[in-house]
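**Student:** Sequence:
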Amino acid sequence: MLFGDDGKINIGLLRNHFFREGRLSIDCALELVRKAKKLLLEEENMITIEAPVIVCGDIHGQFYDLLTIFDITKPIENNKYVFLGDYVDRGDFGCEVLFFLMAHKINYPKQFFFLRGNHESKMMTESMTFNLECEYKYHSIELLNEIHDLFDALPLAALVEGNSLGRFFCTHGGISPFLTRLSQYNEIKRVQEPPSRGPMCDILWSDPLEEPQHPETMEKRRLDAWLATDFADNHLRQTSVLYGPRGLLNFLEKNDLICVVRAHQVMEDGFKLHYFLQNTDIPPCITVFSAPNYCDMYQNKASILKINLENICFEQFEYVDHPFNFPDFFDCFSYSLPTMMEMLVNILSELVVAVKEEDESMLTPEERKSDEELKKKLELYKQKTTDKMKEKADVLKLKKEIKTTQKLNKEWFDKVLRIDSKNEMRPKRLTRKLTSRPANMRTVSDTNILH
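According to the UniProt record's numbering, numbering within the sequence shown proceeds without interruption in unit steps and concludes at 451.
For the record, the hints were derived by calculation from the structure and aren't laboratory data. Heads up, some of the hints might be wrong.
Stated by the list, open to error - FRET-style restraints, in silico, Cβ to Cβ:
(1) N423 with L277: 44 to 54 Å
(2) E77 with D5: 18 to 28 Å
(3) G162 with P75: 13 to 23 Å
(4) R181 with L39: 19 to 29 Å
(5) T229 with D281: 18 to 28 Å
(6) Q184 with L277: 22 to 32 Å
Cβ atoms here follow ideal geometry from the backbone N, Cα and C, with glycine treated the same way.
Could you put the whole structure together from the sequences, leaning on the hints where they help?
**Tutor:** And the structure:
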């Protein structure tokens, strides 16, 4: 049994079960999600935490790498953790990540704190991979709806006090021009789907303005203009803002803060210090990213940030291997169906052409019109299938190329970043519907279910 008589969860059992790709029963998963949601709703939008604390960035469904975080910070019962959001999507083990982390919230409610990321929303999980994953693994709309409700319950920010250097403000994306005082964060109505603009959107989607690489060679006029930037449009995300030096430094000064700690962006070394050309020991902004070899393509390191009583430090870690899944959680047979269909379409197309050449004189105008429409439909289906399979094959080819590449460097990281940039945007609308695949297609054996 997963739950003990005291309502606590057997963490060791859960870890080993998920490690072997086990699943929870629907009733067990629902109970876990509902208990965690109740605890999250009791917390304010902005949580106050005393140092020391361990800050973790994006996880993105990389369960086996998440285990590394717990392994390098043992014993967990002696620590406090703040996770900055983005637990699901992109990686294939979002359910395991979410359930495992929420189990820790249930067992250690005053030691584990979880903030909302931009991927903790109905729109993002529909557009990306988590909804498909949840459907494939659990076949339960009720569970998916409960998870979406849990996303709405997640707090938005954390204030870390007790460090001799100053106070650290933690959030997923960054700051907003609509929020100049910390007191305003608790005034936000957070239990909702994140809107496409406004303060809540900025908390989840904003990014720091990119710093000039060679400020010493810039014209004074241009450099002064950059330093005077408060906020600018965020074209990469197609939503929210970029916060510049003036906007960020004003926010820190008004609220007696030393640094904004955020996640939201993959970094080659697992972290980045955004100094904004300020001559300070602690940068005004720090990015932490905790998903190594992000999407099995970036070959980046991951890190966690330790905010101690008198200093801060990073601990980097590398990725570990994980079980393989085909794109969109298809099994081998289902994944091969489009190729088989393409062959059938080619055969049918040839038959249509052959019949047309031999018996066209015998066909009525209506039959000739019907043949032309059939041929067009076959060609259209063939093109769609070819394009879709090419896209999936390109991803698998790229991942294989990464594993066989001997020399990995900044150029490679930047190349993957460019290829993947479209996935960093906010979707305009829901673009992916649940496929309602038959439950007998690559389902999990009942013997591997934990109750």
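**Student:** With 44 to 54 Å as the target window, see if N423 and L277 comply at their CB atoms.
**Tutor:** Since N423 and L277 have Cβ atoms about 30 Å apart, the given range 44 to 54 Å is violated.
**Student:** CB of E77 to CB of D5, is that within 18 to 28 Å?
**Tutor:** Given a distance of about 20 Å, which is inside 18 to 28 Å, the answer is holds.
**Student:** Verify the CB-CB distance for Q184 and L277 against the hinted window 22 to 32 Å.
**Tutor:** holds, 28 Å
**Student:** Honestly, do G162 and P75 meet the 13 to 23 Å range at C-beta?
**Tutor:** At roughly 21 Å between Cβ atoms, P75 and G162 fall inside 13 to 23 Å, so the hint holds.
**Student:** Do the Cβ positions of T229 and D281 conform to the proposed distance bound of 18 to 28 Å?
**Tutor:** Check passed, 23 Å falls within 18 to 28 Å.
**Student:** With 19 to 29 Å as the target window, see if R181 and L39 comply at their CB atoms.
**Tutor:** Holds - the Cβ-Cβ distance for R181 and L39, about 27 Å, lies within 19 to 29 Å.
The structure is inconsistent with hint 1 alone, although it conforms to all the rest.
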